[in-house]
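Assemble chains B, C and D onto chain A, guided by the hints.
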Amino acid sequence: MNIDYNAMDERAFREMVRDFVWRECPPGMIHQARRMRWREAKDWCLKLAAKGWSAPAWPVEHGGMGLNIDKLIAFQDEFDRAGVARHPDIGLSMLGPLLIRFGSAQQKAHYLPRIAAFEDLWCQGYSEPGAGSDLAALRTSATSDGDHWVIDGQKIWTTLAQEATDIFILARTDPQARKQAGISFFLARMNTPGITVRPIRTLAGDEEFCEVFLDQVRIPKHNIVGAVNGGWTMAKALLGFERLLHGSPKLAQMVLLRLEAMARATGRFADPVFVEMFTRLSLDVADLAATYARFADGLKSGLSLGPEVSILKIWGAETAQRITEAMLDMAEEQGASRGAGDFGGAQVDPLGHYFLSRPGTIYGGSSEIQRNILAKAVLGLPSSSL
Amino acid sequence: MNIDYNAMDERAFREMVRDFVWRECPPGMIHQARRMRWREAKDWCLKLAAKGWSAPAWPVEHGGMGLNIDKLIAFQDEFDRAGVARHPDIGLSMLGPLLIRFGSAQQKAHYLPRIAAFEDLWCQGYSEPGAGSDLAALRTSATSDGDHWVIDGQKIWTTLAQEATDIFILARTDPQARKQAGISFFLARMNTPGITVRPIRTLAGDEEFCEVFLDQVRIPKHNIVGAVNGGWTMAKALLGFERLLHGSPKLAQMVLLRLEAMARATGRFADPVFVEMFTRLSLDVADLAATYARFADGLKSGLSLGPEVSILKIWGAETAQRITEAMLDMAEEQGASRGAGDFGGAQVDPLGHYFLSRPGTIYGGSSEIQRNILAKAVLGLPSSSL
Amino acid sequence: MFTSIAEPEHRRQLRDSAADFLRRRCDAKAVRAAIETVDGFSRERWKAMADLGWTALLLPEKAGGLGLGFGDVAALHHEVGKAAAPEPLAVVSLLVAQAVARGCEGALREPVLNRLASGDVIATLAWQAAPGALGSDRVGPHAVRSGSSWRLAGRALFAPFAARADGLVVAARVASGVALFWLDGAPPVLEDRRLADGSTQASLSFDGVHLGTDALIAGPESGADILDGVLDTARLAASAELLGLAERAFAMTMEHLKTRRQFGAPIGSFQALQHRAVDHYIRIELARSALERAARVMDCGAAAAERGAEVSAAKARCGDTARDVARDCIQMHGAIGYTAECDLSLYVNRILVLSTWLGAARAHRDRWAALRLRSGEAA
Amino acid sequence: MFTSIAEPEHRRQLRDSAADFLRRRCDAKAVRAAIETVDGFSRERWKAMADLGWTALLLPEKAGGLGLGFGDVAALHHEVGKAAAPEPLAVVSLLVAQAVARGCEGALREPVLNRLASGDVIATLAWQAAPGALGSDRVGPHAVRSGSSWRLAGRALFAPFAARADGLVVAARVASGVALFWLDGAPPVLEDRRLADGSTQASLSFDGVHLGTDALIAGPESGADILDGVLDTARLAASAELLGLAERAFAMTMEHLKTRRQFGAPIGSFQALQHRAVDHYIRIELARSALERAARVMDCGAAAAERGAEVSAAKARCGDTARDVARDCIQMHGAIGYTAECDLSLYVNRILVLSTWLGAARAHRDRWAALRLRSGEAA
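Residue numbers (my numbering), protein chains in the order written: chain A, 1 to 386; chain B, 1 to 386; chain C, 1 to 379; chain D, 1 to 379.
So here's chain A without its partners, still in its complex pose (with noise of 0.2 Å):
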């Protein structure tokens, strides 16, 4: 099983991927426009797992894939060209890179492969109520009592909460320091008493998000990771990944596919009209994905990523919704149904993308805060004092 995918010419690591997607990936976990749930997603989770794939980008010491950014920029899109949906992945793309980095070699043996064999399923205990994108105004607590910290809190758009075997939760742990001063970060299994959990249900019917109460939630001392009072490395660092993460074009590029299924089914590039609309969108994904590739060549000659890199997930969230607006418009009365209808033998579900694309613009720092801080951060230009 040591193959050095890095050493593989990229044609052939592209086939190698697309030929087992294809041949492996069940049909239910295709074009979905919902994220998927751990049953739906458990035989091909278990199978990735079973090739060693299932965590792409980690070290292969701590059983990843090891893959250079070419090769994982290609494992990602040939997932993304078969049209793949995501599968619950918080531990292998949130938690496990952070405790690659700071954790202790314990938390390390312990945890990771765990994590890279789908035994642990993770959430993040991260947004709090009325806190919004606002984390320094973070109210949940941890007090010391003995060898336990104590949390007590209260989580919300945890995703998937209700399927989560463990939970990372940011906490304050000295509340006389200055706000982002003080925070640290635990790790709890989902079982442990204190915890409950509640379903939101969205508007789009499903139940992808969470509430987490933390009441009098008891977790031994050495389940935190770094230092006591360090947490807001954790919350940077993990902000870092999410950007990146979050300015993908492959929520652009999933969407925009589905429209052109649609279209081509039912003969709309017949219309000059649409033709335009869709070749303006086209575009928009195809300069996304540029900007992406060239902040990737970027980050391959050395270069770190600065705060405009929030631009991907402006331009990439925004994108994404347009296309899924102009497939409700494309999908005239039949837009207004749940669930996948036919359109002249595409199977698509256009209102569920819609639903699907919003969050994009309001979680991980929503829109408008990304703009200010490219305001500020990048262009220079002076604070307001809001």
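Hints listed in this document are in silico derivations from the structure and should not be mistaken for laboratory results.
All values derive from a computational prediction rather than experimental measurement.
Treat the hints with care, since some could be wrong.
Unchecked claim - SDA-like mimics (lysine to any residue), calculated; alpha carbons at most 20 Å apart, straight line:
#1 A:Lys376 - D:Thr259
#2 A:Lys179 - C:Ala265
#3 C:Lys258 - A:Pro129
#4 B:Lys376 - C:Ala265
#5 A:Lys376 - D:Arg276
#6 B:Lys376 - C:Ala251
#7 B:Lys179 - B:Gln154
#8 C:Lys258 - D:Ala272
#9 B:Lys300 - C:Pro8
#10 B:Lys179 - B:Leu239
#11 B:Lys250 - B:Glu318
#12 C:Lys258 - B:Gly380
#13 A:Lys376 - D:Arg260
#14 A:Lys376 - C:Ala265
#15 A:Lys236 - C:Phe263
#16 B:Lys376 - C:Lys258
#17 D:Lys258 - A:Ala377
#18 B:Lys300 - C:Arg296
#19 B:Lys179 - D:Gly264
#20 B:Lys376 - C:Arg276
#21 B:Lys300 - C:Glu7
#22 C:Lys29 - A:Arg201
Unchecked claim - Some residues of chain B that are not near chain C, with every Cβ distance over 10 Å (derived):
#23 Glu40
#24 Gly83
#25 Phe102
#26 Thr196
#27 Phe213
What the hints assert, rightly or not - Simulated restraints, written as ranges between beta carbons of each label pair:
#28 B:Ala377 - C:Glu9: 26 to 34 Å
#29 A:Asp43 - B:Ala377: 53 to 61 Å
#30 A:Leu239 - D:Gly264: 33 to 41 Å
#31 D:Ala19 - A:Glu15: 41 to 49 Å
#32 A:Ile73 - B:Pro382: 43 to 51 Å
#33 D:Asp20 - B:Gln176: 53 to 61 Å
#34 C:Gln13 - B:Arg101: 36 to 44 Å
#35 D:Ser17 - A:Gly28: 56 to 64 Å
#36 C:Gln13 - B:Ala117: 51 to 59 Å
#37 A:Asp43 - B:Gly267: 56 to 64 Å
#38 B:Gly83 - C:Lys62: 49 to 57 Å
#39 A:Trp22 - B:Pro382: 52 to 60 Å
#40 B:Glu61 - C:Ala265: 51 to 59 Å
C-beta atoms are modelled at their ideal positions from N, C-alpha and C, and glycine is treated no differently.
Okay, now just chains B, C and D, sitting in the frame of chain A:
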């Protein structure tokens, strides 16, 4: 000559106006992408004056036509349909109504007939360098000296000051008073010693605006309108006239008609992409006109104009801009030329119209400032400290 | 917040009584309860609406109606929209009852109109051949006379509430035009779908359906005109509901902006949000103007082309505005705006349905262009 | 402010030397002086640019050129755009010199290329049949061989600087394709027009023009390909200039926002303006990506269809972005932005010209769609 226009049937009234305009208006005044100079407009203006039609909105006793709002709209509409360019009208549309409301008997008797006969051409000394839409920051001063006021300062964006015979000036008569208090409203001949004019060349290559320098300009005390330190009332009233004037759909309608003329002459109505865009723009203009009519109906039924009237100016100016951008798009390579070009036989100046529509979102309270006011005064959103 | 221009006294009374009823009987909780039922609306509330005369607004007084006009229809549906009421008011009172009232002079007329006006039955209209079809030139079902009966065939799409209906007007192509028939009892549902707002729409198949000659409401000499007329009337109502929905969604969002704080200030004090809010306010006012213009033109008895152009202008403007307002209200609410428990969701989902019902914006702009630009009359 | 990704060393040197030259020789005052002359540019500065080798960037070193690539052309023109330099660099060095260099193997080659490279002559290209025409399928002039000469006829539109030129490449339809000819001396100008930026464009008439057979640069076997190739090369340069123009106009506006105060604060602290500024920043970065992609594809020697698609994508994006940036920079400057004395005017006017030159955005999007969507390859 004592016709009661308001008693006429609307159709007959319109026919009368249309007939006069089509017969008498010189071709050089039709479909112009810039403001007319006095030498270009003179013949037409004197014809209007001779007919008694120079001041349609003024009461009959002051030499106006005394039209009610329906007839006023019809009158203006016939001018617009014929494509009549705007002649020098600051005395007629701004100062006249102000004097009728606030002027002394002597001022009315002296100035109004001269304005209606185009003997005097007025310009307005309103904006100042660096003050933009922020009138409270006015710096031009007037100090009392015997039976004169002595005015010092500088005005800018004064439309066609180079050919005006008179100017009205806002100046600060009480430097101690805060902001809007302490301002007065003066009338002056342009040939008064100390007044110098410097035309400003615009992007479009015209000299539509001027700077006016006021250096120890002595004005007789009776040339003040309203009370000393009461100029803010005048300024607000002017803003009120301007709000209505600036809310008119006529610029948008005029450029839409030019766009249509270009498109018909060049066969662009066979292009579905053009038709889709033209339809959107047409509905933007039609709904603007319907909203304008709704406000006019409100006025007729005795409602006063609240701050929400600003929506007309914002939408009208921005719609006109979108239309002129569509003209540029349609003109393709010809859109880069200065002056009118031939479009399948239609003579149109897309670049001129593009430039002409720019100031609409800047002067008379920029679109940004209008939005600030609407957000607070109409939507009741909280003040930002900015 | 929104500009009110003087309305006739009887219309203001209609509005006030509607607003009062809806406040009492149709708050967000009541809407939520209704749309989670199998019907997707409340039969009780429907009956109460009928008792108020809402199902018979346009019917002449001698037929037991209120004898009101299109401006009044727009006013009522504007209020209905503000409440996001899910009852099939436009379907029953405008599509169905108006088709019967305008077309039928036979024995069916009185009993059907009475049953519809009383709120005892739900009925719907089936006609549409394909997505984006706007009128009598695109009728799906067809019929041939065979002795003393009509043999129907073909399909109709997007018939609202058809799987919950107790009767149906069906438009069918016949030899020389379009005829309208009354079909008593449960419609022949092929596939029933639930829409974003909890309401339902069905596609119907008329293959094998036979009707007696007494089922004919309107023959080919008038069927097409009546169909196009009731479709435009229902579009006027849908436009008014969209306006009301957009206004309320916007007003809820303004409240949210005033109360929710972030970074130490109410988010409504952020200028970027203020300016976007103003943009929506402007567009809502334009939508109101377009709606009022269409109602006025209809009240003046305009010809079909004029009526069609103005109704299409209103439907396109109200539909686009409402959808854009909905989209941005979600964004301005932040994450809470994406949840079903936020009342905003009721408005967003209903806007998503009504903005496509009886033609989405693009189709209506195309129709406006076909009616207005051909003759060289631009704006 | 703008993202810089590592460039090859020789390109950075080219940029630095260009920026240095332009800073010294082509500031706003110098641009203003040049565009008010009859020529609309400075012949002195033109000569100096030639001395730096800018007219011979793409020519092989053995032909006296610098032997550089398309990425380098884009970099140079990006700098030229930042300075709003009015000289006809893309016209002479890319349209004309490249047509001669790629096509001509006869006696004309050396002397013409030398005269062009030296900066001693201004020459232009005439080909375009109609507004919106993009390539060899829409050539205006035509020619027939008659004994030992070619008889030309027909018109060409939008030939830049033609009334100031001392020579001309003309593309003409011939029996079996498109041929290119060299025409020495003053072009046959029908109508000369001054453009927004002070430059000039003429329409030409070739009726009655006779050329010797030695005037043939490229025959029908290669004329169309060469014409399409040089047009795309010049579009790459125009896209780069547009990017540079947009960047500088934007940067000037950001400076204005930082220094100008209103209502007691710098206007750049107003959030609504900040967010709009960010929107333009994003689009400028997208334009940069599109431009770099097109240059890379051309440097890889892509086939005509691939090259055409990427160049059109870049021209559409850069043209639209620059025009939108220009429009909003006027607005964000306030009244001063509408005056000719504000340096912004130089940028706005040049953007208005270059965004339409060799095809405006819509034409290029249509071309992209024709090249990319037909084959089913979307994005």
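Status of each hint after checking the structure:
| no. | hint | verdict |
| --- | --- | --- |
| 1 | A:Lys376 - D:Thr259 | 15 Å, holds |
| 2 | A:Lys179 - C:Ala265 | 16 Å, holds |
| 3 | C:Lys258 - A:Pro129 | 17 Å, holds |
| 4 | B:Lys376 - C:Ala265 | 15 Å, holds |
| 5 | A:Lys376 - D:Arg276 | 13 Å, holds |
| 6 | B:Lys376 - C:Ala251 | 14 Å, holds |
| 7 | B:Lys179 - B:Gln154 | 18 Å, holds |
| 8 | C:Lys258 - D:Ala272 | 18 Å, holds |
| 9 | B:Lys300 - C:Pro8 | 15 Å, holds |
| 10 | B:Lys179 - B:Leu239 | 17 Å, holds |
| 11 | B:Lys250 - B:Glu318 | 13 Å, holds |
| 12 | C:Lys258 - B:Gly380 | 8 Å, holds |
| 13 | A:Lys376 - D:Arg260 | 17 Å, holds |
| 14 | A:Lys376 - C:Ala265 | 19 Å, holds |
| 15 | A:Lys236 - C:Phe263 | 18 Å, holds |
| 16 | B:Lys376 - C:Lys258 | 11 Å, holds |
| 17 | D:Lys258 - A:Ala377 | 14 Å, holds |
| 18 | B:Lys300 - C:Arg296 | 18 Å, holds |
| 19 | B:Lys179 - D:Gly264 | 13 Å, holds |
| 20 | B:Lys376 - C:Arg276 | 13 Å, holds |
| 21 | B:Lys300 - C:Glu7 | 13 Å, holds |
| 22 | C:Lys29 - A:Arg201 | 16 Å, holds |
| 23 | Glu40 | 28 Å, holds |
| 24 | Gly83 | 14 Å, holds |
| 25 | Phe102 | 28 Å, holds |
| 26 | Thr196 | 39 Å, holds |
| 27 | Phe213 | 35 Å, holds |
| 28 | B:Ala377 - C:Glu9: 26 to 34 Å | 29 Å, holds |
| 29 | A:Asp43 - B:Ala377: 53 to 61 Å | 60 Å, holds |
| 30 | A:Leu239 - D:Gly264: 33 to 41 Å | 34 Å, holds |
| 31 | D:Ala19 - A:Glu15: 41 to 49 Å | 45 Å, holds |
| 32 | A:Ile73 - B:Pro382: 43 to 51 Å | 46 Å, holds |
| 33 | D:Asp20 - B:Gln176: 53 to 61 Å | 54 Å, holds |
| 34 | C:Gln13 - B:Arg101: 36 to 44 Å | 38 Å, holds |
| 35 | D:Ser17 - A:Gly28: 56 to 64 Å | 60 Å, holds |
| 36 | C:Gln13 - B:Ala117: 51 to 59 Å | 53 Å, holds |
| 37 | A:Asp43 - B:Gly267: 56 to 64 Å | 59 Å, holds |
| 38 | B:Gly83 - C:Lys62: 49 to 57 Å | 52 Å, holds |
| 39 | A:Trp22 - B:Pro382: 52 to 60 Å | 56 Å, holds |
| 40 | B:Glu61 - C:Ala265: 51 to 59 Å | 54 Å, holds |
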